[in-house]
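Just so you know, the sequences run in chain order A and B.
Everything in the first sequence is counted per the numbering used here, starting at 1 for the first residue and increasing by one.
Everything in the second sequence is counted per the numbering used here, starting at 1 for the first residue and increasing by one.
Be careful, since some hints might not be right.
A partial selection of chain B residues facing chain A, derived with a Cβ cut-off under 8 Å [unchecked claim]:
#1 P34
#2 L205
#3 P316
#4 P320
Taking lysine to any residue pairs in the SDA-like style, the calculated list, with each CA pair at most 25 Å apart, reads [what the hints assert, rightly or not]:
#5 B:K91 x A:E13
#6 A:K70 x A:E161
#7 B:K91 x A:E56
#8 B:K91 x A:A179
#9 A:K70 x B:K211
#10 B:K211 x A:T120
Since the hints were derived computationally from the structure, they do not count as laboratory data.
For glycine and all other residues, C-beta sits at the position ideal for the given N, C-alpha and C.
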Amino acid sequence: MDAYDALRAAVIEGDDLTARAATEELLSAGHDAQALIRGALTPAMDEVGRRFEAGEFFLPEVLVAARAMKAAQELIQPLLARSKTPPRGRVVLGTVAGDLHDIGKNLVAAMLCSAGFAITDLGVDVSPDRFVAAVGAARPQIVGLSALLTTTMPAMQQTIEALEEQNLRADVKVMVGGAPLTGVFAARIGADGYAPTAAAAVNLARELTP
Amino acid sequence: MTSRELVRRTLSFDAPPRVPRQLWLLPWACDRYPEELRAIQARFPDDIVSAPAFHEALLPVHGDPYRPGTFVDEWGCTFLNVQAGVIGEVKTPLLKSWDAHEMVRFPEERLSVQVDEVNQFCRRTDRFVLAGACPRPFERLQFLRGTENLLMDLIDQPAGLHAFLARLHEFYMRELELWARTDVDALSFMDDWGGQQAMLISPQLWRTFFKPLYRDYVAIAHQSGKAAFMHSDGYILNILPDLVEIGLDALNCQVFCMDVALLGDRFGGKLTFWGELDRQQILPGGSRAAVIAAAQRLRSAFWRPGGFIAQCEFGPGARPENVHAFFEAWETLV
Ligand code: B12
Chain A
1 MDAYDALRAA VIEGDDLTAR AATEELLSAG HDAQALIRGA LTPAMDEVGR RFEAGEFFLP
61 EVLVAARAMK AAQELIQPLL ARSKTPPRGR VVLGTVAGDL HDIGKNLVAA MLCSAGFAIT
121 DLGVDVSPDR FVAAVGAARP QIVGLSALLT TTMPAMQQTI EALEEQNLRA DVKVMVGGAP
181 LTGVFAARIG ADGYAPTAAA AVNLARELTP
Chain B
1 MTSRELVRRT LSFDAPPRVP RQLWLLPWAC DRYPEELRAI QARFPDDIVS APAFHEALLP
61 VHGDPYRPGT FVDEWGCTFL NVQAGVIGEV KTPLLKSWDA HEMVRFPEER LSVQVDEVNQ
121 FCRRTDRFVL AGACPRPFER LQFLRGTENL LMDLIDQPAG LHAFLARLHE FYMRELELWA
181 RTDVDALSFM DDWGGQQAML ISPQLWRTFF KPLYRDYVAI AHQSGKAAFM HSDGYILNIL
241 PDLVEIGLDA LNCQVFCMDV ALLGDRFGGK LTFWGELDRQ QILPGGSRAA VIAAAQRLRS
301 AFWRPGGFIA QCEFGPGARP ENVHAFFEAW ETLV
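From just these sequences and the hints, can you work out the full model?
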């Protein structure tokens, strides 16, 4: 098993200590930070996403994998910043107004992060105004909205309308998700995409930022 | 026939003359639809009630869990709420690590139940009475430690977690044993185990850490001739065989997240389905015809005769006319 395999395996198994050690080893052997992301971290988290969708992994396994990935990323991040490597894309993410559910949204953030996206996570109970302000400040390609309550789903539409009113809608793609949502609802409120799981959210984000 | 008798015969698949009913309420509905609610309750009275706990000692809680702002429960967990009529969420958990578990103060006040008062309550009603206690070991761990931390702890298995869980279980056993000595008809417990499409943790982890706890709770109920009732939100198909195996009598779960017909085929006749009606599509957005069709699906899946309780939750987004239509439909179904 080479060091890339070791890093991939450590992330998939959620072993943050080994992930950190393997990353250190690869970096000191002169491997490029981008290559580590492309060759180990992204494929590892894609595999984690696949296992989650297939019902082989559950939230605990995904969370410890994301933790191991972050341990590796902490070492890689300074190098990326120094080489001024741009992220795969920027995403502003949050749970809409009135809604406190964030387990799914946090998972989406972790998976997007592992796929190379830079995330601005606004947290929960985020008003349309706060989404608008964050879009103005971070200039993301994508805005991700999460809702777990049927009563907070209308806040998704209100957020899209607020982006339109501020003439920001044309600059961003809006993706939506959360337990009670459907693709039909997403289309009706004028979102650009819907994904039923965190793994599908990564594929969607990739499609929305070709 | 009294409501109590009706529920008992439902639980034992002993051909009750009609389906028992129970409406669950969140203050959201009481605030918005007081008139409609009164009409529903007058026309379709509950057959199942919860006994008040009549605690002699005051529970050390602060605030109202259903109002915006903070609420501190009797364990010292602080919930932040942003919406009137529903509950909030713990944003700053008490425990940074399980090493500190000894600092958690157990609410012994919960054990100051006045048994005579409870028994008098039971004597004065002919409805089926649930205990006024509801252990929730998984959720209590989450409230104390934060959900994501706890989920990772279940993989890391720090010693303090096991030590605390043992203490927590012992406390809940004491509480249930106390209620088992009263005249209530059933004990109940809960924990949300599912998301929309899968369980929150693997069935293996669940079986290792949590199934034994529920097995003990069911045993306490059965040893004193009482029924065991449980609630869990979400998709929990994987653990249904386990719940049947430990002898659970009635389960409230999101049957529409799973597959109603399949649940009926595999588990109908083995335990009673304590509701429900889908809260995500049908109650908030379904037509009257959709509600009636859903009730018919539930009947053909679960009614043996017996084996189903017409329960639904009037909570955020639900339409009062759909709650009404659900209970009305059952009048002609059984
Ligand atoms: C855990 C939970 C809670 C926890 C939340 C903890 C937290 N920090 O998030 C607590 C206890 C706080 C809670 C509170 C409430 N809850 Co709740 N809760 C749940 C439960 C059981 C699981 C949700 C979950 O975490 N799933 C696991 C994650 C991983 O899945 P997920 O969130 O769906 O996310 C995945 C996808 O949807 C997608 N995704 C999510 N977001 C996004 C965003 C984007 C952009 C994309 C692309 C994809 C995407 O990817 C994720 C990963 O694969 C659900 C049951 C259910 N069926 O889902 C009820 C549920 C959502 N809750 C419900 C209710 C009613 C409530 C309360 C009103 C209850 C009350 N008594 O007051 C309060 C409301 C509080 C509030 N203001 O928000 C109802 C909602 C019904 C409705 N009408 O809509 C549900 C469906 C339960 C039910 N029986 O019907 N809840």
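Checklist entry - Would the hint on B:P320 stand, with a C-beta cut-off of 8 Å toward chain A? => result 15 Å, violated
Next on the checklist: B:K91 and A:E13 were given as a pair; does the straight-line alpha-carbon distance stay at or below 25 Å?
Outcome noted: 28 Å, violated
Checklist entry - Going straight from one Cα to the other, do B:K211 and A:T120 come out at no more than 25 Å? => result With a Cα-Cα distance of about 39 Å, the restraint between B:K211 and A:T120 is violated, given a limit of 25 Å.
Next on the checklist: Hint check: B:K91 vs A:A179, CA-CA at most 25 Å. Holds or violated?
Outcome noted: The given pair, whose Cα atoms are some 21 Å apart, holds under the 25 Å limit.
Next on the checklist: Does A:E56 sit within 25 Å of B:K91, going by the straight-line distance between their CA atoms?
Outcome noted: 29 Å, violated
Next on the checklist: Does the closest beta carbon of chain A sit nearer than 8 Å to the beta carbon of B:P34?
Outcome noted: 18 Å, violated
Checklist entry - Is A:K70 within 25 Å of B:K211, Cα to Cα? => result 33 Å, violated
Checklist entry - Against chain A, with CB atoms and a cut of 8 Å, does the hint on B:P316 hold up? => result OK, holds: B:P316 within 8 Å of chain A, min 4 Å.
Next on the checklist: Hint validation: B:L205 versus chain A, beta carbon distance must be below 8 Å. Holds or violated?
Outcome noted: It holds, given that the least Cβ distance between B:L205 and chain A is near 7 Å, below 8 Å.
Checklist entry - When you check the alpha-carbon spacing of A:K70 and A:E161, does it fall within 25 Å? => result 35 Å, violated
The structure does not agree with the numbered hints 1, 4, 5, 6, 7, 9, 10 stated previously, though it agrees with the rest.
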